[in-house]
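Trainee: Sequence:
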Amino acid sequence: MPSIKQFQVTFDCAEPERVARFWCEVLGYVVPPPPEGFATWDDYESSRSPEDRGSWFACSDPSGVGPRLYFQRVPEGKVVKNRVHLDVRVGTGLVGEERLAVLEAECARLVALGAVRVRLLPADDENESCIGMQDIEGNEFCID
1 MPSIKQFQVT FDCAEPERVA RFWCEVLGYV VPPPPEGFAT WDDYESSRSP
51 EDRGSWFACS DPSGVGPRLY FQRVPEGKVV KNRVHLDVRV GTGLVGEERL
101 AVLEAECARL VALGAVRVRL LPADDENESC IGMQDIEGNE FCID
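Under our numbering, the residues of the sequence shown are numbered 1 to 144, in order.
Everything labelled a hint here was simulated from the structure, so no lab data went into it.
The reader is advised that the hints may include incorrect statements.
Label-pair ranges, simulated between beta-carbon atoms [as the list claims (entries may be wrong)]: (1) R109 x P75: 17 to 23 Å; (2) P122 x T10: 30 to 36 Å; (3) D87 x E51: 46 to 52 Å; (4) D43 x R18: 15 to 21 Å; (5) V84 x E126: 18 to 24 Å; (6) V65 x G138: 24 to 30 Å; (7) V9 x P33: 26 to 32 Å; (8) D43 x V84: 15 to 21 Å; (9) S47 x R109: 20 to 26 Å; (10) M1 x V79: 35 to 41 Å.
Yeah, the Cβ is synthetic: ideal placement off N, Cα and C, and Gly gets one too.
Can you make the complete structure from the sequences, with help from the hints?
Mentor: Below is the structure:
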């Protein structure tokens, strides 16, 4: 059986384009070109039925290494903790105060974009420090 080489991560949300653009800023991702036959995303959205407009949006890693992120509109709001979350790896290889300084700087950048800091999870005998956060619609993620 062949192994899977690519995957995408899908987010349920209320405002797909808004959340996708937030994650573009977080990860350095880009909005892909509009579907074939459309000069702009606005042209594409205008061609859709009113109830389908704004129902999804996506972003991708410009280097092609990271997974595509897909955001789909759902009618219900978020009510419980995510079962899966993203870890944004900014402190890889760093320890102690140097790691905390990098995590705090990234946290401040993301809070300015609309993220919410939840808590610092300090280093212990097994794990380095990380910061739990929420995106602009409350989806949990960590900076580690």
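Trainee: Lying within 15 to 21 Å: is that true of the beta-carbon distance D43 to V84?
Mentor: For D43 and V84 the Cβ distance comes to about 34 Å; the hint is violated.
Trainee: Just to be sure I understand the hint, the distance between the Cβ atoms of D43 and R18 should be within 15 to 21 Å; is that true here?
Mentor: With Cβ atoms ~20 Å apart, the hint holds.
Trainee: Okay, M1 versus V79 on CB: inside 35 to 41 Å?
Mentor: Holds, since M1 and V79 (Cβ atoms, about 37 Å apart) stay within the stated range.
Trainee: Between V84 and E126, does the beta-carbon spacing fit 18 to 24 Å?
Mentor: Roughly 21 Å apart at Cβ, these two residues keep to the hinted range, so it holds.
Trainee: Can you let me know if the beta-carbon spacing of V65 and G138 is within 24 to 30 Å?
Mentor: holds, 28 Å
Trainee: Could you tell me whether the CB distance from R109 to P75 stays inside 17 to 23 Å?
Mentor: violated, 32 Å
Trainee: Do the Cβ positions of V9 and P33 conform to the proposed distance bound of 26 to 32 Å?
Mentor: violated, 20 Å
Trainee: Could you see if the CB distance from S47 to R109 stays within 20 to 26 Å?
Mentor: Violated - the Cβ-Cβ distance for S47 and R109, about 36 Å, lies outside 20 to 26 Å.
Trainee: Take the C-beta atom of P122 and the C-beta atom of T10, compute their distance, and say whether it sits inside 30 to 36 Å.
Mentor: Hint holds: Cβ distance 32 Å, inside 30 to 36 Å.
Trainee: Given a hint of 46 to 52 Å, does the C-beta separation of D87 and E51 actually sit inside it?
Mentor: violated, 35 Å
Checked against the numbered hints given earlier, the structure breaks hints 1, 3, 7, 8, 9 and satisfies all the rest.
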